[in-house]
Amino acid sequence: ATAADLRALGRRATVLCADLSDEAATRTLVPQAVADLGRLDAVVNSASTFEYDTARTFSYALLEKHLRANTAPAIVLAQALAEHLLTRQGQGAVVNLLDQKLWNPNPDFLSYTLSKAALESATTLLALALAPAVRVVGVAPGLTLTSEWLQGDDFARAHALSPLGRSSTPQDVAATVAFALANRSMTGTTLLVDGGQHLQRFERDFSMM
Numbered sequence: 001a002t003a004a005d006l007r008a009l010g011r012r013a014t015v016l017c018a019d020l021s022d023e024a025a026t027r028t029l030v031p032q033a034v035a036d037l038g039r040l041d042a043v044v045n046s047a048s049t050f051e052y053d054t055a056r057t058f059s060y061a062l063l064e065k066h067l068r069a070n071t072a073p074a075i076v077l078a079q080a081l082a083e084h085l086l087t088r089q090g091q092g093a094v095v096n097l098l099d100q101k102l103w104n105p106n107p108d109f110l111s112y113t114l115s116k117a118a119l120e121s122a123t124t125l126l127a128l129a130l131a132p133a134v135r136v137v138g139v140a141p142g143l144t145l146t147s148e149w150l151q152g153d154d155f156a157r158a159h160a161l162s163p164l165g166r167s168s169t170p171q172d173v174a175a176t177v178a179f180a181l182a183n184r185s186m187t188g189t190t191l192l193v194d195g196g197q198h199l200q201r202f203e204r205d206f207s208m209m
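Residue 133 in my numbering sits at position 133 of the sequence shown; the count goes up by one each step and never skips.
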């Protein structure tokens, strides 16, 4: 529906599907996007696996699942974008969606948090490695969407737990991503968009409170 809406506005759009935990499948995305659209200037990495574990329930398997979904694909796609930009001597940008939880840690969702911490480090390293062709920026939202653990009134209460009395909305996040893509002097940094939730200390994840 989104692609159809964009086409109705006279924009070019394509829809591609891939299992991001599969490296070979992930590597097809940028070349296919270029084939469909003619060029590619940016990648926004927002796909995420979010499954519960703690230090007591940690397993290699669940950590690997999170890293293969939340961390490794973002690096592969940034690499592919850089290769494409080199072929036309262009410049572009990558935006990685992170989480304010990295600045306000708690023991819940251990593997998820580790995968996002790795992505935050990758944001810095990629910014160094891929400059000047590719800028790499992180955007770290606060509590933004409902989940199987947090809905309705409980979500509304948790969303209000911040110095501003509100956390981020999808519109806030999208506006920040657009800003990061447009600002050609920005790279290797992360913008926190969370109503200030990262300034407060929470002993548990919002879904466990």
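Hints in this document: simulated from the structure, not taken from any laboratory.
All C-beta atoms, glycine included, are put in the ideal place defined by N, C-alpha and C.
A couple of the hints might just be wrong.
Cβ-Cβ distance ranges computed for the label pairs, FRET-style [what the hints assert, rightly or not]: (1) Asp36 / Gln200: 18 to 26 Å; (2) Gly196 / Ala8: 34 to 42 Å; (3) Glu203 / Cys17: 23 to 31 Å; (4) Gly152 / Tyr60: 34 to 42 Å; (5) Tyr60 / Leu9: 14 to 22 Å; (6) Ser59 / Cys17: 34 to 42 Å; (7) Thr87 / Leu63: 15 to 23 Å.
Here is what the structure says about each hint:
1. Restraint check, aspartate 36 to glutamine 200: a C-beta distance of roughly 44 Å breaks the suggested window 18 to 26 Å.
2. For the pair glycine 196 and alanine 8, the supplied restraint of 34 to 42 Å holds, since their beta-carbon distance comes to about 38 Å.
3. Taken as a hint, the range 23 to 31 Å is violated for the pair glutamate 203 and cysteine 17, whose Cβ atoms sit roughly 39 Å apart.
4. The supplied range of 34 to 42 Å is met by glycine 152 and tyrosine 60, whose beta-carbon atoms lie about 35 Å from each other.
5. Restraint check, tyrosine 60 to leucine 9: a C-beta distance of roughly 46 Å breaks the suggested window 14 to 22 Å.
6. For the pair serine 59 and cysteine 17, the beta carbons lie near 28 Å from each other, so the given range of 34 to 42 Å is not met.
7. For the hinted restraint 15 to 23 Å between threonine 87 and leucine 63, the CB-CB distance of approximately 35 Å leaves it violated.
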